[in-house]
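K.L.:
When you get a sec, could you build the whole thing from the sequences and use the hints?
Quick mapping for you: the protein sequence lines, in order, are chains A and B.
Heads up: the first sequence at position 66 corresponds to 66 in this note's numbering, and the numbers run straight through without jumps.
Quick note, this note's numbering runs 260 ahead of the 1-based positions in the second sequence.
Wrong hints could be hidden among the right ones.
Claimed, not checked - Each pair of labels, with its calculated beta carbon distance range:
id, chain 1, residue 1, chain 2, residue 2, range
1, B, Arg419, A, Phe196, 31 to 37 Å
2, B, Lys439, A, Gly106, 50 to 56 Å
3, B, Glu291, A, Glu120, 50 to 56 Å
4, B, Lys472, A, Asp44, 43 to 49 Å
Please keep in mind that the hints were generated in silico from the structure rather than gathered at the bench.
Bear in mind that the values here come from a model prediction, so they are computed numbers and not experimental data.
Backbone N, C-alpha and C define an ideal beta-carbon position, used for all residues, glycine too.
This is what each chain is made of:
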Amino acid sequence: MKPKALLSKVGLWSATAAASAALVIGIAPITAKALNIPTEVTEDGKNTYKKYCSACHGEEGKGDGPVARSMLPKPRDFTRGAYKFRTTPSGSLPTDEDIYRTISYGVPNSTMIPWDILTEQQRASVIPVLKSFSEAFEVRKPEAPVDVGLEVRPTEKTVAEGKKIYEEKLECWKCHGVEGRGDGPSAAEQEDDFGFPIKPFDFTTGKFKGGNSSRDVYLRFTTGLNGTPMPSFAKELTDEQRWCLTHYVISLIKPEETSK
Amino acid sequence: MKQLLFLCALFGFLSWNVISSENTLADNYTEVEVKDGGTVVGNVKYMGDLTTLSLNLYADFELPETSKSATEKLIVSTVNNGLKYAVVSITDITKGKKKAIPAIHPIIDQQRNTFIPNVTAIPAGTTIDILNGDEELHTVHTRTVKNQPFNLGTTYKQRISKTFEYPETIKLTCDLHKKSYAWVVVLDNPYFDITDRNGYFEICDIPPGTYKFQVWHEELGKLEKEVKINPKELSNIEFVYSQY
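P.N.:
Written out as structure tokens, the structure is:
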């Protein structure tokens, strides 16, 4: 090979490498990764937890803080390592980013507010404190997050398909009700892993606890909600069917209910 | 070539590391060859008042749809007061026979809104297949801390395989049918047995020595007994639960 040709080839390759490296860095999520979540419990984290979290979640993370008595849904008991809103498969522990997301955005329809009044560093410092309450984090590792593919485009057809799944295949109405108001025949007897009564979600309010985007709703069907009766349907439904169900469930939102 | 060798060596080292860490992660039970082991046979009895409880000796036979008592918490034989579904195990054994993990997965089936069988005892590391034999939706929900908990919806003829790695007593429930449940007792050694419908059990190849035997029943709780095992001898023990 002539030296000139070799040079151009090397040049081409290095240009490609540089471009792809730039692309990878560009694509990588910058939210929690860039945040530098500490791996060990820090003094700062302990103080933040004690000041802002322990009133509800308790000094030892058992969900038994002084004001927890009057609350329903109850504050999370961290000792079991059961976290509702995750991107990991059913039963798995959450990733640090999942916990960070819940702290930052809060849980609508509950007493958990979005803790955006704290600095990002404060929110991140609490995460190892929460993890230290449960022995599950010592024994197990969180599984890899679920791969959310490209969303199926919402059409009338997908909504109709989702309705079929809701009413016939999975019988979601048994708990969530035919109109999605959370008043199905089995709704009254549901309780969570800690023995407290739990109400199936009312879709008409439109305030989805794990987030309102269709990606968030899709994730709830795929990962389930640990610690609650809501199972994962990752094995029951195909990827497309879960998107259809997502579109149907979002179509149940009633604008007049959302303002309440 | 050198690079390839180095990579091979690195991979070998890493995989060895993983294997050794798994070994240390396992329990304090070591497998040895047992040549002159003793055997224990026995009976678990329930001597409480039988008339006050709605007992059904033929509880897990084919029953007509009208009969709802396919799962009873307390199944006592009317012949000899033997108690079914009690798990007998040795709690303080540190070495003994090989832990045989069943190659064919034990099955827990959901039929007519009931888990069958009601109690399953397995050595740690066993995979269980959970089936759905009903033409309606069921869920399988566990609340474990060490083993990975799960909560999965299952439809007709669905099969879920789950491996239980750590010794724990686990309750499986279905959130749609509140009455149905099953127990999976995961033990760290192979010395255990479940009583049959007349309350009999058998544990064999036990190295000679004195051991603590424990019996567990979901309703009646635990009983303990120390038994001395002599080489190549058959010992007989009896556990008796008094009034419930």
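K.L.:
Evaluate each hint against the coordinates.
P.N.:
Status of the hints after comparison with the structure:
no., hint, in the structure
1, B:Arg419 - A:Phe196: 31 to 37 Å, "32 Å, holds"
2, B:Lys439 - A:Gly106: 50 to 56 Å, "36 Å, violated"
3, B:Glu291 - A:Glu120: 50 to 56 Å, "51 Å, holds"
4, B:Lys472 - A:Asp44: 43 to 49 Å, "48 Å, holds"
Violated hints amount to a single one, hint 2; each of the other numbered hints is respected by the structure.
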